[in-house]
Amino acid sequence: MTRLLEVRDLRVQFRTRDGIAEAVGGVSYGVDAGRTLAVLGESGSGKSVTAQAVMGILDSPPGRITGGEVLFRGRDLLTMRAEQRRRIRGAAMAMIFQDALSALNPVITVGAQLAEMYEVHRGMSRGDAQRRAVELMDRVRIPAAGQRAGDYPHQFSGGMRQRIMIAMAMALEPDLIIADEPTTALDVTVQAQVMDLLAELRREYAMGLVLITHDLGVVADVADTIAVMYAGRIVETAPVRDLYRRPAHPYTRGLLDSVPRVDHGGGQARRGHADHGRHGGHESHGVHGAHRGGKLYAIRGAPPSPLTMPSGCPFHPRCPRAQEVCRVERPPLYEVTTDAGTDAVANTGADTESGIGSGIGSDGRTSACHFWKEELHA
Amino acid sequence: MGRYALRRLAQMIPVFIGSTFLIFFMVYALGDPVAALFGDKAPDPATAARIRKELYLDEPLWRQYLHYMGQIFSGHFGTAFNGQPVTELMASAFPVTLRLTVVAVVFEMALGITLGVLSGLRRGRGLDTSVLLLTLVVVSVPTFVSGTVLQYLFGVSWGWARPSVSPEAPLNELLLPGVVLGLVSLAFTTRLTRTSIVENARADYVRTAVAKGLPRHRIVTRHLLRNSLIPVVTFIGTDIGALMGGAIVTERIFNIHGVGYQLYQGILRQNSPTVVGFVTILVIVFLLANLLVDLLYAVLDPRIRYA
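Chains F and U are the protein sequences, given in the same order. If you read the first sequence in the UniProt record's numbering, its first letter stands for residue 1, the second for the next number, and so on. If you read the second sequence in the UniProt record's numbering, its first letter stands for residue 1, the second for the next number, and so on.
Take the hints with a grain of salt, since some may be wrong.
Unchecked claim - With beta-carbon atoms standing in for the labels, derived distance ranges:
1. Thr79(F) - Leu292(U): 50 to 60 Å
2. Ala199(F) - Leu292(U): 46 to 56 Å
3. Ser157(F) - Thr129(U): 39 to 49 Å
4. Pro106(F) - Asp32(U): 57 to 67 Å
5. Arg8(U) - Pro106(F): 21 to 31 Å
6. Gly158(F) - Asp301(U): 13 to 23 Å
7. Gly70(U) - Gly158(F): 54 to 64 Å
8. Arg15(F) - Asp204(U): 19 to 29 Å
9. Pro106(F) - Trp160(U): 43 to 53 Å
10. Gly158(F) - Ser140(U): 45 to 55 Å
To be clear, the hints were calculated from the coordinates, so they are not data collected in a lab. All C-beta atoms, glycine included, are put in the ideal place defined by N, C-alpha and C.
Using the sequences and the accompanying hints, generate a full structural model.
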């Protein structure tokens, strides 16, 4: 079965004054119709750049796609003619941006910005398109949609603006939505409402969703699969429950541990990982305050600059589990098997380039760590 | 909006009084107009005193000013010393300069915005670099040089235009002078448009427009251009006032009998009613142009609302 979206070994470079930075270094992920993939990572991990490359809105120059494929329903978007690709953008795949205030045009009414989708892609008359725009605003539960369609983006609250963003992406009922940190700029109370709306609409239209976020709390509720990115690469892919229960990469574990938990004392309570790096984290980095008797965990150090990527595993300078081999040898994407008892693990033996097809099934787990087995059973 | 316009109109009053008084003061500080009237000969003291009395020149300056303003508001701009009413001079001069300004503004808008948009969209390429270089040259060359050179080339060498404009100053004769007048502003408009386009092309809402799958021409005309032209319109609006007053050099070169020409004659002959009268009108034009720009700004950018 062809997947709705399949990204294969995507590479993106940025030419900067200081040299060429590889922002995305061979990323592969996929999402099926009606499913949600969450792409998780810190700022600068390449998750947004990947999405922009998929969407075809990369700033180029300086950005440049140097390799890989982006298959949308089996057709490679990267080799497609520009005009053909434009027709897909917005209509079959749409994007929701983080900051709706800057992402919406300040001098055009929101109604006209929504109606534009129907005028351009469906060839509707201005009047018909305007009516559809109001329906759409109604659908995302904007009060008094009919009157508010004539307002400008700055006249709306942050939550309402993000609803308009969502409405714009949903306008032509696309098969795929890419949401780039859709709730980051919002109040916590509004975040939940917007996320619920997004999930509801995704279910209703059976769309595929790529949710880019750094918020683990958001992910847990809505995602089916999670891909964790670090330094321009995917370090772990897993179904959401498995990943939360038993991470197979030290970076993922670090992320999970650094979330404050109300049920037990911070990250401290996580089993089996008490000695690695946690102290280092405290001492070198400080912590974000005491938390129910335990201190909140922080991954020590900072993500590497894409201009000076460490040798071997890019995470090794920050990794509590790092060994000599991590400094030298870049770990391939291992296929992770969790069969209890059998520790016989099928190392695909493939490197990141060729391990893609076999490595990521819809439920297959992968980890780019030499010691994923130890991590899994820690 | 209406209340804002009213308030702005009220604010114009002190500016108007201040600027006209300054002009009045400066013109009368230039020297004795009565002495100038007699040219090289020494005036007969009795006659001079009579003229001074007639022209209120024996009163203190502030009373002269008040008297003058009172006359202006009842429509009397006085008479030039040659006996011609200043209003008559205005009636012949302002339409000419207005036509000249229109030519200059249309020229700088059409060419400046086009060049600015094209070079902004092709930043760093050949066209952009040549346009930047060209505007630099145009800005560096003063009007009396570019005016004389173009007059010689087009008017004398090639005979494509009349080197000197007839007193009626029809529009077709004003094309070349209009281009000369608008040349420096053209360079500014081009650069301003280019910078604005470059800046806005990276804006998030343009990226959104691309992500919406809009065709490129629609992205540029509907999304990019409207935002980018806000500062340009502001500049051109204020420039209209400056062009009308600043046409002195151009009108001299092409012998156009407009505002600049009359002002020049007035200054040369110390003809104070002409100078003060014309400048007073120019001050009003300038103030109104600025008000118009401010109001237009709110129309173009809905984020600006005047309370």
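For each hint, the structure was consulted:
1. Thr79(F) - Leu292(U): 50 to 60 Å: Given range 50 to 60 Å: holds, Cβ gap about 53 Å.
2. Ala199(F) - Leu292(U): 46 to 56 Å: About 51 Å separates the Cβ atoms of alanine 199(F) and leucine 292(U), which means 46 to 56 Å holds.
3. Ser157(F) - Thr129(U): 39 to 49 Å: holds (45 Å)
4. Pro106(F) - Asp32(U): 57 to 67 Å: At 59 Å between Cβs, range holds.
5. Arg8(U) - Pro106(F): 21 to 31 Å: Holds, at about 24 Å.
6. Gly158(F) - Asp301(U): 13 to 23 Å: holds (21 Å)
7. Gly70(U) - Gly158(F): 54 to 64 Å: holds (58 Å)
8. Arg15(F) - Asp204(U): 19 to 29 Å: For aspartate 204(U) against arginine 15(F), whose Cβ atoms are near 22 Å apart, the range 19 to 29 Å holds.
9. Pro106(F) - Trp160(U): 43 to 53 Å: This hint holds: roughly 46 Å between Cβ atoms.
10. Gly158(F) - Ser140(U): 45 to 55 Å: About 48 Å separates the Cβ atoms of glycine 158(F) and serine 140(U), which means 45 to 55 Å holds.
The earlier numbered hints are all upheld by this structure, with none contradicted.
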